[in-house]
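Residue numbers (this note's numbering), protein chains in the order written: chain P, 1 to 188; chain A, 1001 to 1188.
It cannot be assumed that every hint is accurate.
What the hints assert, rightly or not - Examples of chain A residues toward chain P, derived with CB under 8 Å:
{"no.": "1", "residue": "S1036"}
{"no.": "2", "residue": "T1137"}
{"no.": "3", "residue": "L1185"}
As the list claims (entries may be wrong) - The list that follows gives simulated cross-link-like pairs (lysine-lysine, DSS-like), each with its CA atoms no further than 27 Å apart:
{"no.": "4", "chain 1": "A", "residue 1": "K1187", "chain 2": "P", "residue 2": "K187"}
{"no.": "5", "chain 1": "A", "residue 1": "K1041", "chain 2": "A", "residue 2": "K1010"}
{"no.": "6", "chain 1": "P", "residue 1": "K41", "chain 2": "P", "residue 2": "K10"}
{"no.": "7", "chain 1": "P", "residue 1": "K41", "chain 2": "P", "residue 2": "K51"}
{"no.": "8", "chain 1": "A", "residue 1": "K1051", "chain 2": "A", "residue 2": "K1010"}
{"no.": "9", "chain 1": "P", "residue 1": "K51", "chain 2": "A", "residue 2": "K1187"}
Keep in mind the hints are simulated off the structure, nothing from the lab.
All C-beta atoms in this analysis are idealised placements derived from N, C-alpha and C, irrespective of residue type, glycine included.
Each chain, written out:
Number of protein chains: 2
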Amino acid sequence: MTGDAQATKKRLLDAATREFATYGIAGARVDRIAASAGSNKAQIYHYFQSKDGLFDAVFNAIVANTVRDVPIDATDLPGYAGRLFDSYEAHPEVTRLATWHRLERADSQAPLESILASNRHKIDEIARAQRDGLLPTRYAPVDLLALIVHLAALWTATTPEYATLVVTHSRAHRRTIVTDAVAALLKP
Amino acid sequence: MTGDAQATKKRLLDAATREFATYGIAGARVDRIAASAGSNKAQIYHYFQSKDGLFDAVFNAIVANTVRDVPIDATDLPGYAGRLFDSYEAHPEVTRLATWHRLERADSQAPLESILASNRHKIDEIARAQRDGLLPTRYAPVDLLALIVHLAALWTATTPEYATLVVTHSRAHRRTIVTDAVAALLKP
């Protein structure tokens, strides 16, 4: 791929990330993405085949980024939850994309392999720390990981109404609630 | 309102609940709702003014039902979380509607008063139990309620990929993970 082509593709992915995060898969408009990227619909279909193909490319990229930027440390799960929280705060579009994906692809027969592989790796790391006696074994690894990832997203999942009740919370306070809750789950 | 009119309105709300839960606010189609209810678009606009008005009516009704069916018991918060879990399991459309609401109304300047009032009542109940020495005071009431409501929704918020890893979990097991996690937060 030429440098020009790569630059175009990058602009299309950036514009598509914004569009899908705002409007979801059904609500996103390919012509708006093309215009925002200074490109055209024909190029989108050339590179990504379809709107769904474009969403998959966007979603795979953000999953890869999140896995790379926030590696699991099974010996410090409150710290891991805190770094996940930091990542969600820095990239609110990631949580929105993941939520649209869940709502609009609930019946999908094609789970994304990148997400499955990332989850399996994290579950293995927790299982290993449990075998090494570094973590309590009260929860199965798959349940403990679910709890931690879910708790890290505590403040991104509040209703617009609840958000008005916690609008004065500092970021540091919200982070502490998350890490303290994970620590409480791990107490012997 | 005549009995016929009430029956029509009820059919429209039921059809709209299904349509909005499946497709969201932007994705919902008023003509599909009208057809499904054996009604027509003119009646929808007569009763609810707009598609947004219809969504508000649906959403206010499910909030009222959830508040009525799952009253808070601040002296037994693990039990409360378990009953919220039961409610989410029995009515998956409620979680989906709440999530669409969050994604599509994030910038709304008009938080729903029914949700605010319900949240304030629950926060007051937790504060009272803390004053009476029936609950630890480690978390502020607004933070503790956020944690409990969020944990109750643990399994409804998993990605489609994660769902494949926990597909063999029984409902009882998933419920226990929720109630145990809330109990762990409340340990002295």
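How the hints compare with the structure:
1. This hint is violated: S1036/A has a C-beta 18 Å from the nearest C-beta of chain P, more than the 8 Å allowed.
2. Given the 8 Å rule on beta carbons, the hint for T1137/A is violated: about 13 Å separates it from the nearest Cβ of chain P.
3. At its closest, the beta carbon of L1185/A sits 5 Å from a beta carbon of chain P; the interface hint therefore holds under the 8 Å criterion.
4. Pair hint K1187/A plus K187/P holds up; C-alpha atoms about 10 Å apart against a cutoff of 27 Å.
5. Restraint check for K1041/A and K1010/A: satisfied, since their Cα atoms lie roughly 15 Å apart, inside the 27 Å limit.
6. A distance of roughly 15 Å separates the Cα atoms of K41/P and K10/P; the hinted pair therefore holds under the 27 Å criterion.
7. Only pairs whose Cα atoms come within 27 Å are accepted, and K41/P paired with K51/P is accepted, the gap being roughly 10 Å.
8. Of the pairs offered as hints, the one joining K1051/A and K1010/A holds, with about 16 Å between alpha carbons and a cut-off of 27 Å not exceeded.
9. With a C-alpha separation of about 49 Å, the suggested pair K51/P and K1187/A falls outside the 27 Å cut-off, and the hint is violated.
The structure fails to meet hints 1, 2 and 9 from the earlier list, while all remaining hints are met.
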